[in-house]
Each structure stands twice: as structure tokens, then as C-alpha cells.
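Next come the chains, spelled out residue by residue.
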Amino acid sequence: MNLSLQKDIFVSFFRSSMLGYGGGPSTIPLVHKEVVDTYEWMTEEEFGDLLAVTNTLPGPMLTKMAGYIGFRIGGFAGMMSALIASVLPTVLIMIFLIGFLIKFRDSSIVQGMTQAITPVVGVLLLLLTVSFVKKSRNDLGWINAGILGVISIIFYAILDWHPAILIAIFILFALFKKAPKKSDGEES
Amino acid sequence: MKELWELFLAFFIPGIVGYGGGPASIPLVEHEVVKNYGFMTTSEFGEVLALANALPGPIATKMAGYIGFEVAGLLGSIVALLATVVPSLVALILLLSLLNKFKDSPKVKRMTAYVRPTIAVLLGVLTFQFFDTSYESAGIVQTVFLAIISFILLERFNIHPAFVVAGALIYGAIFLS
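Chains as they are written, first to last, in this note's numbering: chain A, 6 to 193; chain B, 770 to 946.
By construction, these hints were calculated from the structure, which means they are not laboratory data.
A hint or two may mislead.
Distance condition first, Cα-Cα at most 25 Å in a straight line; then the derived BS3-like pairs of lysine-lysine [said to hold, decoys possible]:
(1) B:Lys804 / B:Lys771
(2) A:Lys182 / A:Lys139
(3) A:Lys139 / B:Lys876
(4) A:Lys12 / A:Lys38
(5) B:Lys878 / A:Lys139
(6) A:Lys182 / A:Lys140
(7) B:Lys878 / A:Lys140
(8) B:Lys870 / A:Lys182
(9) A:Lys182 / B:Lys878
Please construct the entire structure, taking both the sequences and the accompanying hints into account.
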């Protein structure tokens with residue numbers, strides 16, 4: 006096993022993960038810099054292809070990219086190096102920090118912190134919601150996005166379906182629907 | 770054993786239906802962790818989410834690693850992480866050549882597009898829950914005040930979420946304790 010290659014794989018994904026704020030998708034440019042510019046493991050075009058394919062599959066972005074790139078350049082060991090580097094450091098920080106907070110859960114200071122953080126999380130989620138609404142509108146237009154949105158509200162918020170079932174139905178619908186044009190706004 | 774199986778399912782399902790990367794799977798994880806299995810309350814989930822947002826790296830794995838650890842220790846952490854990472858990675862490695870052929874197919878592109886409105890609704894419901902929880906614990910005045918301030922800081926001044934979260938924690942430690 007080529008240890009210096011394993012070390013490079015580890016370092017490149019460790020850096021990408023530790024410097025990428027805002028979740029996996031925002032770390033992609035950092036991964037690109039390491040993989041294409043710094044270490045030249047892939048060409049620009051290969052990376053673009055991989056990114057496109059990664060986008061067609063569900064699940065977190067960074068671990069898919071890390072696992073695949075590590076596997077391609079360093080075999081199974083490379084895959085493990087890349088995955089551990091992307092996941093482990095931030096998980097350990099989480100466990101340590103929250104463990105600290107929970108230890109002092111009954112103190113009024115920690116309770117105050119908890120109260121103050123809840124509305125901020127609400128705002129962060131609101132902004133994420135808005136970005137999904139905007140992307141939906143850009144992809145589908147107001148009418149189609151609105152129809153899918155209303156269907157989702159009815160089945161999820163009112164009828165209490167499991168969201169996974171709803172999403173699976175929409176995925177199948179996207180795969181088996183015939184006309185790909187935007188003009189069909191009456192699919193409900 | 771039952772807990773580990775539940776943990777596996779709680780992260781496996783968001784991992785395979787969460788299109789659009791880790792952030793899109795947050796409301797799905799919340800559904801499993803809070804509603805389905807009752808591992809945590811909404812406000813505990815909120816603390817975890819706030820810290821996960823304030824720290825670097827992928828969101829989904831931070832959540833999985835931590836929640837797994839809290840529910841069932843080290844083994845739980847490993848199970849939740851594997852359930853999050855492995856299915857989509859295996860699919861990618863096995864299907865890469867096949868997927869390469871279809872990546873520009875309009876059907877595949879539509880899949881992500883069709884799922885987005887649902888994710889938006891899930892996120893919207895989750896947003897509402899957080900404001901509701903906040904209203905019950907901190908009261909209407911603090912909730913509105915903190916929400917407006919953090920909105921302005923995040924949107925108008927483009928302050929990084931990590932600083933806004935840190936600021937809120939300090940504010941809470943001093944003024945709400």
C-alpha cells in the first residue's frame with residue numbers, strides 16, 4: 006500500500022471538510038481544488054462528469070465524492086482514508102461540544118443558550134426553505150412547483166404520510182412520465 | 770439491538786430519498802428521529818442542528834454521528850454513519866458507468882426537480898415547528914426579536930451562520946439565563 010498516496014488522500018479530504026461551511030454541497034469547490042488543481046488526480050472533465058452523476062443519486066454529496074475518488078485512486082484503503090477524513094473530525098467535534106452542553110443542561114446559562122438558539126435555527130431553516138422554493142420555481146415554473154408543493158402539503162402536513170413515500174412517488178413519476186415539456190400543468 | 774436497527778432505518782431512509790445533498794435530508798432525519806422513533810424532542814434536535822450548522826463539514830454525517838452516539842454510544846454512532854454513507858456510495862460505485870450514460874437524460878434531471886417542492890414543504894413545516902417551540906419556551910418577544918436580528922445579520926449583512934449561532938448562544942447565556 007502506498008502510504009504517501011493514502012496520506013495525500015486523507016489530507017485533501019480533511020482540508021475540504023474542515024474548511025467547508027454550510028454542509029456537503031458547499032465543500033464541493035474545495036474538493037475540486039484539491040482533486041483537480043493540487044493533486045491532479047482527475048481532469049476537469051472527469052470531475053465534472055463525476056459531479057453530475059453524484060447529483061443524480063440521493064444521499065450526502067461529500068461522502069459520495071470522497072468515497073468514489075478515494076476508491077478510484079487508492080483502492081479500498083483510499084476509499085476508507087477519504088471517508089474517514091471527511092466524516093470523523095467533524096463528528097468528533099460535535100460529540101465533544103454537545104457532550105459539554107448536556108453536562109451542564111440544568112444550569113440556567115445552558116437553558117438560556119438553548120432558548121436563544123431555537124429562533125435562530127428557525128431562521129436558518131426558513132432561508133433553506135426559501136432557497137428550495139426558488140430552485141423549484143426555476144426548474145418547474147410556479148404552476149408545476151406549486152402543484153407539487155400543494156400535493157406535498159396535503160399528504161405530509163395534513164394526511165401525515167411518511168415523506169419518503171411521497172418522494173418515492175414523485176421520483177417514479179419523473180421517470181415514467183412521457184412528455185417532458187413544461188406545458189402540462191394538470192398532472193394531479 | 771432494537772435501538773441499533775431503528776438507528777439504521779432512521780438514517781438509511783433519509784439517505785436514499787434525500788435528493789440534493791445533506792441539507793435536503795435534514796427534515797427527513799427530523800421526521801425519523803423526533804416523530805417516528807422519539808430519540809429526541811424537537812428542541813433537542815434544534816440544538817444539534819444549530820451546532821451542526823455552526824461547524825464545518827457535511828451536515829448529514831455530523832447529525833448521524835452525534836445522534837447515533839447519543840442513542841446507543843459508539844456502536845450507535847458507527848451504525849448511523851454507515852447507514853448515511855454506505856448505500857449511496859455503493860450505488861455510485863456500482864452504477865457509475867451506467868449512470869454516466871444517463872446523466873444528461875431529461876428524466877434523471879427531472880427527478881431532482883420534482884423532489885424539490887416536497888423538500889421545500891418539509892423544510893417549511895420544520896421551520897414552523899422551531900418557531901412554535903421557541904414561542905413556547907422563550908416567549909413571543911424574545912422569539913421575534915432573535916428571529917429578526919438573526920435574519921438581518923444573515924441576509925442583509927451576509928454574516929456567516931457560525932457567528933450568528935455563536936452570538937445567539939452568548940446572548941442566551943447572558944440575557945435568558
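A quick look at each hint next to the structure:
Straight-line distance between C-alpha atoms of Lys804 of chain B and Lys771 of chain B comes to about 17 Å, which keeps the hinted pair within the 25 Å bound. A hinted pair counts as satisfied when its Cα atoms are at most 25 Å apart, and Lys182 of chain A with Lys139 of chain A qualifies at roughly 23 Å. For the given pair, Lys139 of chain A sits about 21 Å from Lys876 of chain B by alpha-carbon distance, which is consistent with the 25 Å threshold. At roughly 17 Å between alpha-carbon atoms, Lys12 of chain A and Lys38 of chain A fall within 25 Å of each other, so this suggested pair holds.
For the given pair, Lys878 of chain B sits about 17 Å from Lys139 of chain A by alpha-carbon distance, which is consistent with the 25 Å threshold. Only pairs whose Cα atoms come within 25 Å are accepted, and Lys182 of chain A paired with Lys140 of chain A is accepted, the gap being roughly 21 Å. About 13 Å separates the Cα atoms of Lys878 of chain B and Lys140 of chain A, which keeps this hinted pair within 25 Å; it holds. Between Lys870 of chain B and Lys182 of chain A the alpha-carbon distance is near 19 Å, which keeps this suggested pair within the 25 Å criterion.
A C-alpha spacing of about 13 Å is found between Lys182 of chain A and Lys878 of chain B, which places the hinted pair at or below 25 Å, so the restraint holds.
Checked against the numbered hints above, the structure violates none of them.
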